[in-house]
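Chain by chain, the residues:
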Amino acid sequence: MATVTLNNVIKRFGVFEVVHGANIDVKDGEFVVFVGPSGCGKSTLLRMIAGLEDISGGEIAIGGKLVNDVEPADRGIAMVFQSYALYPHMSVEQNLSFGLRMTGNPNADTDRRVKRAAEILRINELMKRRPKQLSGGQRQRVAIGRAIVREPQVFLFDEPLSNLDAELRVQMRVEISRLHKELGTTMIYVTHDQTEAMTLADRIVVMRAGHIEQIGRPLDLYDNPDNQFVAGFVGSPKMNFISGRIVGRDAHGVVVELAGQEKTRVAQPLTGAAPEAGSPKIGSKVMVGVRPEHFGSAGEGDTDLVVRIDVVEHLGGTSFLYARTANGEDVVIQRDAAKVPDVSEITVSIGKSYLFDEKGLRLR
Amino acid sequence: MRYQNATAYRFLAPYLLIFAIFWVWPIIDSFMISFQATRTVPWRFAPTFNWGRLIGDPAFFNALKNTLLILVIQVPVMITLALVMAVLLNSPLLKARGLYRFAFFAPVVVGEVAYSAVFRLMFNLNFGIINKLLNSVGLPSVDWFSNVTPAMALIMIAVTWRWAGYNAIILLAGMQSIPEDVYEAATLDRVSKLKQFFFITLPLLKPVIVFCLVLSIIGTMQLFTEPFLITERGGPGGGTETLGLLLYRQGFRSLNFGYASAVAYTMAGLAIAITLVQLWLTREPK
Numbered sequence: 001m002a003t004v005t006l007n008n009v010i011k012r013f014g015v016f017e018v019v020h021g022a023n024i025d026v027k028d029g030e031f032v033v034f035v036g037p038s039g040c041g042k043s044t045l046l047r048m049i050a051g052l053e054d055i056s057g058g059e060i061a062i063g064g065k066l067v068n069d070v071e072p073a074d075r076g077i078a079m080v081f082q083s084y085a086l087y088p089h090m091s092v093e094q095n096l097s098f099g100l101r102m103t104g105n106p107n108a109d110t111d112r113r114v115k116r117a118a119e120i121l122r123i124n125e126l127m128k129r130r131p132k133q134l135s136g137g138q139r140q141r142v143a144i145g146r147a148i149v150r151e152p153q154v155f156l157f158d159e160p161l162s163n164l165d166a167e168l169r170v171q172m173r174v175e176i177s178r179l180h181k182e183l184g185t186t187m188i189y190v191t192h193d194q195t196e197a198m199t200l201a202d203r204i205v206v207m208r209a210g211h212i213e214q215i216g217r218p219l220d221l222y223d224n225p226d227n228q229f230v231a232g233f234v235g236s237p238k239m240n241f242i243s244g245r246i247v248g249r250d251a252h253g254v255v256v257e258l259a260g261q262e263k264t265r266v267a268q269p270l271t272g273a274a275p276e277a278g279s280p281k282i283g284s285k286v287m288v289g290v291r292p293e294h295f296g297s298a299g300e301g302d303t304d305l306v307v308r309i310d311v312v313e314h315l316g317g318t319s320f321l322y323a324r325t326a327n328g329e330d331v332v333i334q335r336d337a338a339k340v341p342d343v344s345e346i347t348v349s350i351g352k353s354y355l356f357d358e359k360g361l362r363l364r
Numbered sequence: 001m002r003y004q005n006a007t008a009y010r011f012l013a014p015y016l017l018i019f020a021i022f023w024v025w026p027i028i029d030s031f032m033i034s035f036q037a038t039r040t041v042p043w044r045f046a047p048t049f050n051w052g053r054l055i056g057d058p059a060f061f062n063a064l065k066n067t068l069l070i071l072v073i074q075v076p077v078m079i080t081l082a083l084v085m086a087v088l089l090n091s092p093l094l095k096a097r098g099l100y101r102f103a104f105f106a107p108v109v110v111g112e113v114a115y116s117a118v119f120r121l122m123f124n125l126n127f128g129i130i131n132k133l134l135n136s137v138g139l140p141s142v143d144w145f146s147n148v149t150p151a152m153a154l155i156m157i158a159v160t161w162r163w164a165g166y167n168a169i170i171l172l173a174g175m176q177s178i179p180e181d182v183y184e185a186a187t188l189d190r191v192s193k194l195k196q197f198f199f200i201t202l203p204l205l206k207p208v209i210v211f212c213l214v215l216s217i218i219g220t221m222q223l224f225t226e227p228f229l230i231t232e233r234g235g236p237g238g239g240t241e242t243l244g245l246l247l248y249r250q251g252f253r254s255l256n257f258g259y260a261s262a263v264a265y266t267m268a269g270l271a272i273a274i275t276l277v278q279l280w281l282t283r284e285p286k
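Chains as they are written, first to last, in full-length UniProt numbering: chain A, 1 to 364; chain B, 1 to 286.
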């Protein structure tokens, strides 16, 4: 087990900088998930920790030891790849033991490690099969097994569940969570799926375009996002954003008028910068963020909003109303299935909301 | 549906007709000719005439021995060389990869006569560059064209020069289809580059290597150009005569079509047999 420290880590491909100074402290035994859209640099960051990509700047330390110039095999890490990267011509047993055999590890120890990994992952009966004779889930188990036999200090997962179908993905997610509890090893996991991030992580690192947007515990990110990107990325369906303008101040914060709906005003308490300091300015444009579950029935909240319903999705217990505001902005509203009216226009109240400035930064 | 099929066949008819006349029929006809005495007028049916001669013909066995010798020595050497070339071409350290790829492949597109003429000049006893190079390191000149062993070596060198790059390009394509992350996984497993080559690249490349071997075996069984042009019709004294050359000599010099057909069928039969044995030896375990 070990800590992983990234200190101002930079990655350039030629003249293009793709990771702009990442600072992350992963604690011993922690499960940290890097999440972000495609091309945000999360896999590159993971590959730099593994040593598969050179570092253009900054420092990476594993277990307190600087590893910038240490060979991948000497970093005490094991990696699980998105495409499994199993050796296709070897049996499961050979796949697990190959690395240890090639490096002259004593046979008895190799056998012990392989047996232990097979028991942890319940793949005993697959040991003689080749990868092509396995299902996607079984292959992923073998890939994880190959990481386990290395008895690493840190596990690295690079989108390990992306190639699996939805049902298997949920199952494997639980397995990986169980594995983390059982082994207690530090794990760093890369995914673009925020549900995976929310369910697996002790802490989440949200990335965009090579920048770290926010680091925090899953519910902290959900309840207290630093900016509009994190607010929109964490949570499913995503947070709704309704444009507005600050039209006044009250004792607790500001009053926002929603665009195209002069009569709809939202009072937004601000605890940070004192309103009297003149920030944010009256008249400045803002975004009001409302999660789908924070829309209540008319009259339940401070502000009522009339929306036109386009589509209703019934998921059983809950339903999602895909609607549009008077200003033509799309909103998704969560409702108990029993409370969905059969009308084309409804009035909803805005409960909890978040305020973001023109740059997308949270106003609080 | 049946009408549509009929229409399709009507459109295919011109091709099928030409295919039948110029492809299928010669195959059948040459097989039948191999059972005829073709040096009498008119030809007469004599089932054991050509095939009987084949079994007892020293010229046939000489050509067979030469062909198999080239096959056994040249093909493995060439494929090994091609593999080395493919590894070099695949190396991320290599600059101007496209240029090398073209250079390795170029011998295939050079005209056979031109390349043979250049080889004859390069290996000339008196003024060839090869003997000059041998002399410069203190070795005596080799008379490549008058002695059997150097002549056979020359044929093998020429064929290897011509086809190694071609096979290297095929092997390179095979290497590039092996996913990069398999090597990355091996690197993390502390497996050295050399071991990665022997334990990952070679096994995964096996189907492509087998394909190259099969192509080379068929090619060598039909070897004709080099012994015909470089060592002047299988010289010295039939020392480099191959089955292809014997066929040509019998069919188009002596106009003994029956015997030439029997030789042709023997060549084809041997190529198929050797290929099948090889495929069986290198089959994937179930």
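No wet-lab data here; the hints were simulated from the structure. A hint or two may mislead.
Simulated pairs of lysine to aspartate or glutamate, EDC-like, Cα-Cα distance not exceeding 20 Å [as the list claims (entries may be wrong)]:
id, chain 1, residue 1, chain 2, residue 2
1, B, 193, A, 54
2, A, 132, B, 181
3, A, 339, A, 313
4, A, 339, A, 310
Listed next, with one range per pair, are the computed distances between beta-carbon atoms [what the hints assert, rightly or not]:
id, chain 1, residue 1, chain 2, residue 2, range
5, B, 108, A, 165, 42 to 48 Å
6, A, 162, B, 80, 51 to 57 Å
7, B, 278, A, 128, 23 to 29 Å
Where a beta carbon is used, it is the ideal one built from N, C-alpha and C, also for glycine.
Hint-by-hint comparison with the structure:
no., hint, verdict
1, 193(B) / 54(A), "18 Å, holds"
2, 132(A) / 181(B), "17 Å, holds"
3, 339(A) / 313(A), "13 Å, holds"
4, 339(A) / 310(A), "17 Å, holds"
5, 108(B) / 165(A): 42 to 48 Å, "46 Å, holds"
6, 162(A) / 80(B): 51 to 57 Å, "40 Å, violated"
7, 278(B) / 128(A): 23 to 29 Å, "28 Å, holds"
The structure fails hint 6 only (numbered hints given earlier).
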